[in-house]
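**Student:** The sequence shown stops at residue 327 when you use UniProt numbering, and every number in between is there.
To be clear, the hints were calculated from the coordinates, so they are not data collected in a lab. Glycine included, each C-beta is placed from N, C-alpha and C at the ideal position. Among the clues, some could well be false.
With a straight-line cut-off of 27 Å between C-alpha atoms, the simulated BS3-like cross-links for lysine-lysine are [claimed, not checked]:
#1 LYS292 x LYS244
#2 LYS292 x LYS163
#3 LYS163 x LYS244
Simulated DEER-style distance windows between Cβ atoms [as the list claims (entries may be wrong)]:
#4 CYS94 x ALA213: 38 to 44 Å
#5 ASP257 x PRO303: 36 to 42 Å
#6 GLY207 x ALA276: 25 to 31 Å
#7 PRO25 x ARG296: 21 to 27 Å
#8 ARG204 x THR301: 33 to 39 Å
#9 ARG8 x GLU220: 46 to 52 Å
#10 PRO25 x THR53: 32 to 38 Å
#11 PRO303 x THR53: 33 to 39 Å
#12 ILE9 x SER264: 38 to 44 Å
#13 ARG296 x CYS94: 36 to 42 Å
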Amino acid sequence: MVAMVLHRIHTPLVQEERPLPTPGPGEIRVRVEACAVCRTDLHVVDGELPDGTYPIVPGHEIVGRIEAIGPGVTGHRIGARVGIPWLGHTCGHCPYCEAGHENLCDHPEFTGFTRDGGFATHVVADASYAFPLDGFDDPVEAAPLMCAGLIGWRSLRMAGDGKRIGLYGFGAAAHLLAQLLRWQGREVYAFTRAGDTAAQDHARHLGAVWAGASEDAPPELLDAAIIFAPVGPLVPLALKAVHKGGRVVCGGIHMSDIPAFPYSILWEERQVVSVANLTRADAVEFLALAPKAGIRADTITYPLARANEALDDLRHGRFQGAAVLIP
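Please model the entire structure based on the sequences and the hints provided.
**Tutor:** Below you can see the structure in the form of structure tokens.
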């Protein structure tokens with residue numbers, strides 16, 4: 001097999017030949033068809049997440065075909081297409097797992113961070129965290145759903161049922177979530193970096209009723225705002241944009257420091273909450289909903305060997321939608 005390997009943070013990935021892995025008990029080996037490139041992969045490369053494992057093969061928005069099945073696995077078959085997300089394993093016995101909050105597990109494993117991920121031709125996954133993708137005919141289009149789609153769905157559930165929803169940072173997650181919101185009959189307000197007319201045009205093309213710079217005030221106060229950009233100063237801006245009782249959801253795994261802000265913009269029962277990982281129930285719900293909503297990922301593809309280029313293009317915002325690696 002071939003893998004793009006991160007040996008040390010702040011260094012380029014290195015292409016390596018490795019022996020084909022054998023799945024252990026409860027595991028499957030998947031031949032990767034496509035793996036989307038997520039901003040979390042940049043956080044891994046930049047060492048912005050604690051307790052990482054190195055060397056590591058990044059990548060956690062994986063779509064592929066099951067090639068081998070380990071002992072004790074049921075419910076999967078050779079040749080079936082599956083999706084593999086960020087949360088790659090949970091202990092099942094900590095207080096959070098037992099309470100149905102496996103996304104907060106005390107002893108988790110994360111695909112592409114603490115266990116090898118999908119920037120490769122093959123990956124071994126916990127069979128319990130591989131989701132059937134029957135009916136998803138295009139692996140490239142399905143790959144971004146496995147994180148950008150899933151974390152967007154969980155963020156939206158935490159944002160509530162309001163009509164006017166602001167999306168700060170119009171990248172992979174926001175462009176998928178905008179389609180779901182429009183299908184639900186809600187209004188999308190897109191916030192981008194100042195001067196990023198390409199992202200604003202993309203948002204309008206996907207049905208946003210308004211698009212502007214993050215520093216701009218929307219034409220109407222919002223019911224909720226979701227922040228996908230890892231930029232702490234967006235939190236007070238979003239608080240100013242929501243009405244009384246509104247909620248600001250921080251949808252990323254990493255964010256720069258949130259600056260001090262006056263209590264007056266939090267008062268009147270506004271809330272700031274964060275989203276952590278996902279549950280398997282989130283994945284089942286969203287993957288059933290995505291085809292009904294007609295969600296289509298806008299993608300740009302790169303061969304596996306150009307993973308470093310894809311990461312750099314993501315870092316500098318050189319494309320709209322999602323980048324996808326193809327082995």
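**Student:** Are the hints correct? Go through all of them and say.
**Tutor:** Hint-by-hint comparison with the structure:
{"no.": "1", "hint": "LYS292 x LYS244", "result": "33 Å, violated"}
{"no.": "2", "hint": "LYS292 x LYS163", "result": "20 Å, holds"}
{"no.": "3", "hint": "LYS163 x LYS244", "result": "14 Å, holds"}
{"no.": "4", "hint": "CYS94 x ALA213: 38 to 44 Å", "result": "42 Å, holds"}
{"no.": "5", "hint": "ASP257 x PRO303: 36 to 42 Å", "result": "37 Å, holds"}
{"no.": "6", "hint": "GLY207 x ALA276: 25 to 31 Å", "result": "29 Å, holds"}
{"no.": "7", "hint": "PRO25 x ARG296: 21 to 27 Å", "result": "38 Å, violated"}
{"no.": "8", "hint": "ARG204 x THR301: 33 to 39 Å", "result": "25 Å, violated"}
{"no.": "9", "hint": "ARG8 x GLU220: 46 to 52 Å", "result": "48 Å, holds"}
{"no.": "10", "hint": "PRO25 x THR53: 32 to 38 Å", "result": "21 Å, violated"}
{"no.": "11", "hint": "PRO303 x THR53: 33 to 39 Å", "result": "26 Å, violated"}
{"no.": "12", "hint": "ILE9 x SER264: 38 to 44 Å", "result": "40 Å, holds"}
{"no.": "13", "hint": "ARG296 x CYS94: 36 to 42 Å", "result": "38 Å, holds"}
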